[in-house]
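Build out the structure end to end from the sequences listed, making use of the hints.
Number of protein chains: 2
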Amino acid sequence: MKELEQRILKDGRSLPGGILKVDNFINHQMDGDLMCACAREIVRLFKAEGFTKVLTVEASGIAPSIFAGYLAHIPVVFAKKATPKTLDGKFVTKVHSFTKDRDYDIIVSKEYLSKGDKVLFIDDFLACGNAGMGIVDLCRQAGAELVGMAFLVEKAFQGGRRLILKHMPSLRIESLAVISALGDGTISFAE
Amino acid sequence: MKELEQRILKDGRSLPGGILKVDNFINHQMDGDLMCACAREIVRLFKAEGFTKVLTVEASGIAPSIFAGYLAHIPVVFAKKATPKTLDGKFVTKVHSFTKDRDYDIIVSKEYLSKGDKVLFIDDFLACGNAGMGIVDLCRQAGAELVGMAFLVEKAFQGGRRLILKHMPSLRIESLAVISALGDGTISFAE
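Chains as they are written, first to last, in this note's numbering: chain A, 17 to 207; chain B, 17 to 207.
Among these hints, one or two may not hold up.
Computed from the model, here is a short list of chain A residues facing chain B with C-beta under 10 angstroms [to be verified]: (1) Met46; (2) Ala95; (3) Phe107; (4) Thr109.
Just so you know, these hints were derived from the structure itself, not from any lab. Every residue, glycine too, gets a C-beta built ideally from N, C-alpha and C.
Here it is as structure tokens:
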């Protein structure tokens, strides 16, 4: 998606260690117009899959996901990183965060993920694929059908797509901006 | 806001300990259409204040906030509960979570909150006012002007509004649904 690639080139920064800093428009400060445009493209790409639920992980996945739910008029569920008092039965899986360098549980209530759901997973980043693998596991536990995954930004050189497709070879994965390399202050997109 | 009150009566549940469970349309599973309608009302209420930035706290505040940012075409910043690798200078304050019963830090990058910002804080719940007081402190540290606070749901019997107004007597606080009492399975709204 040209609009997102141009914004990454304009406002993103390549930092040492394969980190792309986009926290002025995606994952700390957020641009609502851009998030809505990204969601519109995701809904267009996955419309034919007939998804009935959007699933994301708090917190940076929520903005594009809620626009996708709004545009498609379907519910959006965000997996939580802590269990609130009000949550009874739950599915739990462990995820390793690349940017925060620690393991954490992600949790979805059994009330909001179940057999019969056709799930589209949306997140801000596809890097090593750990959050995606957590979602694969949560959907498997719930008996829900995972129909696709959509990411704003994919760091292709970190192998996340390969990892997920190893476990679900026929899963459709779409990323709106695919980065092939992050150099010393340079950002390269895949052709 | 009638639409929100009716949804709370239809899908919300009053639980022991003053807890209102609304996790099937606000804070775990989310209804994008309702979140957009709430944001529209918040933008209408605060338009005259000339806010230039929406500030919220991850994760449940993000959905209404990103719609408000989209509708008003201004940036949305969410305060974080953990510090990612990509964040340098930051403002930090401590907050007590009522529903999770623990203290945690909330963090905003110095890049995204500063003197000259006219801040509208948006969150899902006003209960004891702890998150709100954290926002007051972050804005004070940054030298930003806090022009108002908007909440989807206020639990009036938990004193949050009083606490915040004690520190900022002239602050405008608006809640779209004000709950006067939660009984054994009953939910009462303020007149």
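When the structure is checked against the list of hints, which entries are broken? Sort them ascending. Of the numbered hints given earlier, those the structure breaks are 3 and 4, listed in rising order.
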